[in-house]
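*Asks:* Could you put the whole structure together from the sequences, leaning on the hints where they help?
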Amino acid sequence: MNPDVQRERQSFTSYEYKEINVKEEQASFYLDCYENFGWKQDGNFPPQNKGDSVVLKLKRNRKIVNKVELTRLQRHFEADIQDIVSLENSKTSLATILALVIGILGTGFMAGSVFAVTAEPPIIWLCILLAIPAFAGWILPYFVYKKVKEEKTKKITPYIEEKYDEIYEICEKGHSLL
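FYI, the numbering used here numbers position 164 of the sequence shown as 164, with every residue one higher than the one before it.
Hints listed in this document are in silico derivations from the structure and should not be mistaken for laboratory results. Each hint should be verified, as a subset may be incorrect.
With beta-carbon atoms standing in for the labels, derived distance ranges [stated by the list, open to error]:
(1) Leu129 - Lys23: 45 to 53 Å
(2) Ser11 - Gly43: 16 to 24 Å
(3) Lys147 - Val68: 45 to 53 Å
Okay, derived cross-link-like pairs now, DSSO-like style, lysine-lysine, Cα gap no bigger than 30 Å in a straight line [claimed, not checked]:
(4) Lys40 - Lys18
(5) Lys57 - Lys67
(6) Lys91 - Lys67
(7) Lys67 - Lys163
(8) Lys18 - Lys173
(9) Lys50 - Lys40
(10) Lys40 - Lys67
(11) Lys91 - Lys163
(12) Lys18 - Lys50
(13) Lys23 - Lys147
The beta-carbon is built from N, C-alpha and C at its ideal position, and this holds for glycine as well.
*Replies:* Set out below in structure tokens:
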């Protein structure tokens, strides 16, 4: 049979489209999860790298069965993903703030030390006295950052794992509706 005639006999399918930006290391995870809600990667547009992220273009049949329930599950999935991103970011936020504050305080002490030595007449004892916490303020942030991040990671990791388990359950429900 002629391929053009065959193409005409195929039924028309309308699609809805979605574009998402994800980190490159998470692209496979997102593709696998979105497939459970009826989305497929658009073959006409391969994933495009933009720095450390990837743009994924997906499509889904507009007349998919259980579309309302799949959309609800998809929104729940996306909310859980946002929770995971927030939790991941919170691992380093407090550590960064503390390290910056300590570093800025150290810099303030160093400025005081410099002003003490450049004063007329130079106050060497004050310069030395202020230089000690200044150098400590420049050395400590690294260790404070590592320690606070490690403690926060231990505290938050169970919550992240719980969210991933919830995502897998949502994907399982979505897959059963297809």
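*Asks:* For each hint, tell me whether it holds in the structure or not.
*Replies:* Now for the hints, and whether the structure bears them out:
Against the hinted window of 45 to 53 Å, the Cβ-Cβ separation of Leu129 and Lys23 comes to about 47 Å, which satisfies the hint. Checking the proposed 16 to 24 Å range against Ser11 and Gly43 shows it holds: the Cβ atoms sit about 19 Å from each other. Roughly 48 Å separates the CB atoms of Lys147 and Val68, a value that falls within the hinted 45 to 53 Å. With a C-alpha separation of about 10 Å, the suggested pair Lys40 and Lys18 falls inside the 30 Å cut-off, and the hint holds.
Proximity of Lys57 to Lys67 is assessed by CA-CA distance (about 19 Å); at most 30 Å being required, the pair is judged to hold. Of the supplied pair hints, the one linking Lys91 and Lys67 is violated, its CA atoms being roughly 36 Å apart against a limit of 30 Å. Among the hinted pairs, Lys67 with Lys163 is consistent with the structure: their alpha-carbon atoms are about 24 Å apart, no more than 30 Å. At roughly 21 Å between alpha-carbon atoms, Lys18 and Lys173 fall within 30 Å of each other, so this suggested pair holds.
Distance hint between Lys50 and Lys40 is fulfilled; the C-alpha atoms sit about 21 Å from each other, no more than 30 Å. A C-alpha spacing of about 15 Å is found between Lys40 and Lys67, which places the hinted pair at or below 30 Å, so the restraint holds. Only pairs whose Cα atoms come within 30 Å are accepted, and Lys91 paired with Lys163 is accepted, the gap being roughly 15 Å. Note on Lys18 and Lys50: the hinted pairing holds, with a Cα-Cα distance of about 17 Å set against a maximum of 30 Å.
This hinted pair checks out: Lys23 and Lys147 have alpha carbons roughly 26 Å apart, not beyond 30 Å.
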